[in-house]
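**Student:** Here's the letter readout for the chains.
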Amino acid sequence: MTAITPTPDIPTPQAHASLLRRLVKRPLGAISFAFIVFVGLVAIFGPMLAPYDPNKASLQLVLAPPSAEHLLGGDSAGRDVFSRLLAATQVSVAAALLALVVALMIGVIAGLIAGYYRGWFDSVSAWFTALVMSLPGLVVLLAARAVVGPSVWISMIIFGVILSPAFYRLTYVAVTAVRNELYVDAARVSGLSDGRIISRHILYVVRAPIIIQSAIIASIAIAIQAGLDFLGLGDTSLPTWGGMLNDGFANIYKAPLLMLWPSLAIALTSIALVLLANAMRDVLERTVVVRRRRRRAVATATGSVAAVTTSIGAVTGSTEAALDDELAAVKPIEHRDDDRAAARTGEVVLSVTDLRVGYETDKGSTEVVHGVSLDIRRGEVHGLIGESGSGKTQTAFAVLGLLPRGGRITTGSVEYEGVRLDHASEREFTAIRGRRIGYIPQEPMSNLDPSFTIGSQLVEPLRVGLGLSKKAATEKALALLDRVGIPDPKRTFAAYPHEISGGMAQRVLIAGAVSTDPDLIIADEPTTALDVTVQAEVLDVLRGLQEERHMAMLLVTHNFGVVADLCDRVSVMQAGRIVETGPVRSIFHHAEHPYTESLLAAILDEGPARPPLGLSTEGALR
Amino acid sequence: MLPFVLRRLASGVVLVFVISVIAYTLLYLGGGDIARRILGQSATQETVDQKAAELGLDQPLFAQFWDWLTSALQGDLGRSWFTGQLVATGVSGRLAVTLSIVIGATLVSAIVAVVLGVLAARRGGWIDSVVQFVTVIGFAIPGFLIALYLVLIFAINLHWFKATGYIPFTTSPSGWVASVTLPIIALSFAAIAAVAQQVRGSVLDALSRDYVRTLRSRGLSMNRVVYKHVLRNAGGPALAILALQFIGLLGGAIIIERVFALPGLGQLTVEATSAGDIPIVMGIVIVTAIIVVVVNLLIDIAQAALNPKVRLS
Amino acid sequence: MLRWRTAAAAVAITGALALTSCAADGGGSTDGGGNLTLGAILAPTTLDPAGSEWGNRAPYYQAVFDTLLLATPEGTIEPWLATEWSYNEDNTVLTLTLRDDVTFSDGSKLTGDVVKQNLERFKAGTSPDAGYFSGIASIEAPDETTVVITLSAPDPAMLNYLTRDPGLIGSAESFESEDLATNPVGSGPYILDTDATVTGTSYVYTKNPDYWNPDVQHYDGLTINVLGDATAALNAIKAGEANGVKLISNDNLAEVEGAGWTVNANELDFQGMLLLDRAGTMNPALNDVRVRQAFNYAFDREALLTALQTDHGTVTTQVFPETSDAYDPALDDYYTYDPDKAKELLAEAGYGDGLTVSMPSSTLLGEATYTLISQQLADVGITAEYTDPGNNFIADLLAPKFPASFMALEQNPDWQLIQFMIAPTAVFNPFHYEDPKVNEYIQQIQFGDEATQASVAKELNTYIVEQAWFAPFYRVQGSYGTDANTTVEMLPTNAYPAIYDFQPKG
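Residue numbers (this note's numbering), protein chains in the order written: chain A, 1 to 622; chain B, 1 to 313; chain C, 1 to 506.
Calculated directly from the structure, the hints in this document are not laboratory data. Treat the hints loosely; a few may be bogus.
Chain A regions said to be covered by chain C (calculated; three or more residues, Cβ under 8 Å) [said to hold, decoys possible]:
(1) 107–118
(2) 217–223
(3) 235–247
With a straight-line cut-off of 27 Å between C-alpha atoms, the simulated DSSO-like cross-links for lysine-lysine are [what the hints assert, rightly or not]:
(4) Lys109(C) <-> Lys207(C)
(5) Lys51(B) <-> Lys401(C)
(6) Lys56(A) <-> Lys343(C)
So the derived label-pair ranges between C-beta atoms look like this [unchecked claim]:
(7) Ala265(C) <-> Thr171(B): 41 to 49 Å
(8) Pro329(C) <-> Ser92(B): 34 to 42 Å
(9) Trp160(B) <-> Val147(A): 42 to 50 Å
Please read all numbers here as calculations on a predicted model, not as lab measurements. Where a beta carbon is used, it is the ideal one built from N, C-alpha and C, also for glycine.
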């Protein structure tokens with residue numbers, strides 16, 4: 001494998017260039033964004049458009065109803081409400097921006113420095129944060145008022161300081177998270193100055209969350225300004241939304257309309273800011289998901305299989321359509337049973353027929369599994385092999401009824417021991433999962449709940465599913481831990497997931513999967529994430545258990561070595577279809593489909609073993 | 001854990017000290033002619049000077065603060081310069097009111113936010129949209145408007161609750177409920193919005209974790225997985241935001257106190273600070289700082305209890 | 001505690017400024033003669049009679065303490081703790097005869113010596129009204145039921161003073177107590193329940209079983225809640241959480257009546273401009289009577305009354321109240337709204353190009369008032385330059401730091417009013433402006449007989465109006481709401497009705 005050497009000039013994540021474009025594609029995002037732009041324009045040009053002097057009072061206009069000359073009527077001092085609203089927009093927006101800028105400057109700079117350098121600055125900043133949080137804002141505000149008089153600007157600067165911890169925390173967390181990323185290390189090694197690293201790499205990463213937080217803080221600043229006016233702590237020399245709202249509130253019974261306009265301005269602006277923040281977050285979260293998926297694809301690329309074919313990655317409509325045409329007419333090549341396979345005559349435990357799995361997305365439905373059929377008999381190990389994104393894991397999840405959100409079985413049937421599962425209810429599934437089908441996942445660490453001990457995670461299903469007493473469940477769990485080769489079961493039982501190694505964790509997961517004595521085990525790449533030496537041991541455990549309990553097993557893998565090791569039968573999947581299926585020897589020796597051949601060729605080139613994972617993937621990513 | 005708590009308490013003591021220095025300095029700078037304010041303008045200058053000397057107002061800042069500090073360290077926060085009331089009595093009475101509504105609002109918003117956040121995260125689709133929209137609206141409408149409408153509907157028209165005033169729990173538990181219910185609801189709105197968003201986010205995050213699928217594959221129902229495993233993992237961030245909300249409400253309760261004519265700490269803060277009633281303000285500052293320190297400590301301990309990876313150090 | 005202690009409970013502005021809203025331990029509604037729940041704008045600072053105030057804070061003291069004399073709704077002064085009183089020939093020695101059947105709630109008896117101690121404490125005390133006693137030379141208590149007050153000069157308002165805070169009498173034994181400020185001991189109709197009371201927000205009283213005058217004890221208990229916020233007060237009214245509430249403004253009278261309440265009214269305060277710097281020490285322009293008159297012509301009083309008080313009040317150009325001897329109906333419209341005349345006068349005075357006057361403003365008095373004033377002044381060429389001194393509003397005004405200001409002041413009886421805003425030493429004459437003619441009038445009133453006092457007061461009033469010492473806008477209606485079960489009689493001389501004058505209806 002060619003290690004990808006990180007160069008200093010690795011581009012940092014490029015999620016932002018099109019953030020705005022993607023944002024405005026979402027209806028809520030577009031509307032919010034448009035409204036904010038509108039408010040901004042009013043803030044800039046509003047006072048010029050105002051038909052009257054916003055401070056010009058007229059006795060005749062006191063609490064006047066709306067009229068042709070005065071579109072929104074007059075306020076309690078007989079000033080034109082419309083003109084005031086326009087002028088107040090400028091002041092209120094400027095005030096909110098002032099608070100925001102102050103909070104940003106303090107919070108982000110302190111967060112960057114504290115997060116990047118740690119050390120004393122870190123503890124001083126944390127302490128300062130606690131200080132700002134503990135000091136009653138009102139006392140500071142009133143004291144400042146007593147000294148310099150009422151000023152909306154001073155108030156907003158004070159609240160900017162008070163709000164700065166929000167940015168500080170955000171920046172600090174983000175910076176501590178990325179400062180040890182490889183590309184930052186690389187930049188450091190290559191001799192980039194701290195200043196450049198912070199401005200080029202780190203600031204870039206925290207930019208998006210800061211923008212989101214800014215929207216929230218801006219709306220809080222607007223609310224605070226209104227609140228101060230309500231308390232009579234405002235600055236009456238300038239028109240503000242809060243001042244107008246307070247005027248309306250005081251005259252709520254005499255001129256109820258008066259309160260409407262500033263309320264609308266405040267509420268709509270706040271709503272727009274929050275919705276905009278939400279929309280931005282959603283857009284970004286999506287970016288993160290896509291990135292994570294790609295990362296896995298790359299990880300797989302370092303293994304044996306996918307390297308030989310083009311990674312399809314996230315299946316999109318268009319590429320899929322092309323494959324559809326190409327593969328539509330293709331029926332799987334079926335190898336006849338050889339003697340050894342024919343000898344397995346246990347009843348069929350799992351029967352999947354013409355299974356199709358689709359996902360509902362914003363753009364309609366996308367099908368990822370296009371008609372898969374396979375049977376597994378008792379005691380038989382059926383390998384499902386293919387590259388990432390070929391639909392093998394989706395097939396496995398469909399059988400378990402654990403498709404991710406939006407996914408469902410569109411047609412076809414899944415029959416397990418005579419029970420139809422393809423449209424089974426959650427309750428029916430709950431009765432079958434765990435008790436009669438076990439599942440072994442791919443990544444051992446992420447599949448254990450970090451907040452609970454190993455023991456409690458093993459005991460809970462035994463008690464809930466099998467109704468064992470606490471004592472019996474504990475004994476059984478300890479025995480299983482022993483069986484899967486864990487040296488000190490009691491210690492592991494009491495440990496939290498982060499306290500054990502990946503190999504141990506995978507053994508724990510295997511123990512969990514077989515703990516309820518299921519008839520079928522679905523193992524999804526059970527060894528992929530493990531070191532080579534550990535892989536073999538875990539496979540041994542798996543094989544031993546399978547034989548001992550005479551379980552059926554659906555083994556999802558991309559590794560022909562594992563197939564050769566464990567399987568009786570194998571189905572090769574490509575792009576959501578089974579292209580070739582048959583007894584394992586037959587496939588190995590007489591592969592007919594070119595895809596199968598290429599997969600087999602890959603093993604011969606590289607050998608079944610894979611290099612340890614995780615060395616270069618982080619750096620290799622983009 | 002004990003060393004951790006002790007260390008945090010020690011740093012808390014330093015914090016409270018520094019805050020009292022800052023607060024006293026601010027009050028000193030913004031004080032104006034406090035003795036004149038106490039006595040009114042008809043008093044002669046000699047009387048005012050005499051009063052100023054009696055209160056130590058003629059002393060330099062450091063000496064004034066030192067006097068206050070030495071008494072405070074002996075547990076004597078003094079008496080209000082204006083009403084002669086013991087600071088400890090005055091502040092604790094007001095604190096009970098504010099804590100009643102702030103703790104109430106924190107609990108209510110925590111429960112509602114968890115229900116809404118989990119609902120939005122699990123169901124997705126239109127339920128998610130509705131929950132998000134409702135919480136955003138709650139966030140965007142000024143609290144005193146919400147309070148006003150609550151009063152109009154539930155106190156004035158339906159007579160279910162009280163429109164004004166506070167009845168201590170010890171006087172009448174049912175009266176207490178009647179007097180704090182509306183303020184708590186009014187305070188909760190914005191907090192629910194913020195916490196529900198956080199809960200939704202963390203639950204979504206936790207739901208996407210692999211172990212959720214694995215736990216379900218063991219035959220645990222979705223509800224069980226969500227309420228036992230997902231919530232526990234999502235609990236850390238939610239708790240953190242809840243603590244921030246609590247502290248924010250402590251300061252923000254004044255608007256609700258004003259609308260409901262509640263004798264709370266916020267109102268006392270504004271009154272005492274404007275008047276320059278330094279002993280009262282310092283009492284408030286100290287109490288608030290201690291509450292913040294304790295809440296932060298409790299939250300950290302709770303975080304550690306929730307998440308075994310967190311080490312208390 | 002935004003409370004601004006001012007000389008004379010007189011300063012009605014404290015009422016309007018009372019956004020100080022502490023809050024209320026709201027009481028329920030009454031049941032006939034059972035419990036009376038009142039709403040007040042302000043909380044008392046201390047319940048020590050020597051630090052007491054009147055005006056909106058009167059009920060807290062009146063519930064616990066008796067005054068020496070009583071002011072009635074009819075505007076007369078009647079016996080109370082003192083049954084008889086008389087002046088000597090030159091009005092400098094006042095002799096009071098006390099009741100002999102009065103005991104304080106701690107069991108001690110009312111005696112001449114107790115009264116002497118009370119009056120002396122008040123004189124030396126921290127009450128903003130302590131200055132009322134500045135003219136007292138000595139106080140003697142020759143026997144158990146007699147008190148003799150010797151004045152250094154006649155004070156025509158002294159009897160009136162004794163109906164309010166300076167006349168409050170507390171138990172001498174309680175003066176030693178540490179908690180005098182929060183645990184008052186008097187002889188009044190009610191006793192403060194210190195356990196149920198929350199200082200600053202809710203004051204709970206029980207009936208005094210041994211009261212000497214049970215005829216005025218119409219209730220078994222009394223609760224006074226502080227409702228300083230207009231909306232909160234209105235909510236309390238609508239929800240029926242009080243029997244009587246002092247209304248901060250006239251903004252929501254329709255709503256109050258809509259809730260089935262009665263609005264009881266008096267006219268106690270005037271609102272308008274105080275043209276304080278008549279000497280021209282800070283702003284020479286104000287030394288010119290034409291400039292001061294221009295101010296008076298600049299305001300459209302009728303329109304201001306409509307805009308700011310929803311027409312609840314009477315326009316006027318004089319500062320003396322209708323009940324005073326000095327009052328002259330003709331002076332209510334001495335100046336009319338005439339901006340052209342105002343400009344003319346300013347031009348004559350040499351300010352045709354404009355004049356800038358600095359004034360204090362307060363967010364607490366409502367922004368609308370200041371905005372409208374500055375607009376009206378701007379229309380005639382006067383620029384109002386506002387500064388918001390925050391909590392120091394009155395202190396700065398009286399320092400003096402401003403040549404003129406908008407203000408709301410209580411209109412007291414003749415002599416009291418003169419001492420409050422006209423005399424060279426008056427509190428609201430902070431520049432100590434003197435006019436020989438005014439001094440002469442004052443002299444005549446102080447030492448004249450009653451008939452002279454009345455006629456000279458009228459002359460003084462006319463002179464002050466002509467000289468435009470003030471630019472009053474209107475006498476504003478003071479409003480007190482009572483629910484359907486309660487009646488009250490308003491006092492012509494105080495913002496808050498007397499406790500004795502509340503009665504269950506029917």
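**Student:** With reference to the structure, classify each hint as holding or not holding.
**Tutor:** Status of each hint after checking the structure:
1. Here's how the stretch 107–118 of chain A fares: 0 of its residues keep a CB closer than 8 Å to some CB of chain C, so the rule of at least three is not met and the hint is violated.
2. Only when three residues or more bring their CB closer than 8 Å to a CB of chain C does the claim for the stretch 217–223 of chain A stand; here the count is 0, and the claim is violated.
3. Using a Cβ-Cβ cut-off of 8 Å, 4 residues of the stretch 235–247 of chain A lie near chain C, which meets the minimum of three, so the contact claim holds.
4. Annotation: proposed proximity of Lys109(C) to Lys207(C) holds, straight-line Cα distance about 19 Å (limit 27 Å).
5. The hinted pair formed by Lys51(B) and Lys401(C) meets the criterion: a straight-line CA distance of about 23 Å does not exceed 27 Å.
6. Simply put, Lys56(A) and Lys343(C) have alpha-carbon atoms about 19 Å apart, close enough for the 27 Å limit, and the pair holds.
7. A beta carbon spacing of about 36 Å between Ala265(C) and Thr171(B) contradicts the range 41 to 49 Å that was offered as a hint.
8. For Pro329(C) and Ser92(B), the hinted distance range of 34 to 42 Å is not satisfied, since their beta carbons lie about 56 Å from each other.
9. Between Trp160(B) and Val147(A), the C-beta spacing of about 45 Å keeps the proposed range 42 to 50 Å intact.
The structure does not agree with the numbered hints 1, 2, 7 and 8 stated previously, though it agrees with the rest.
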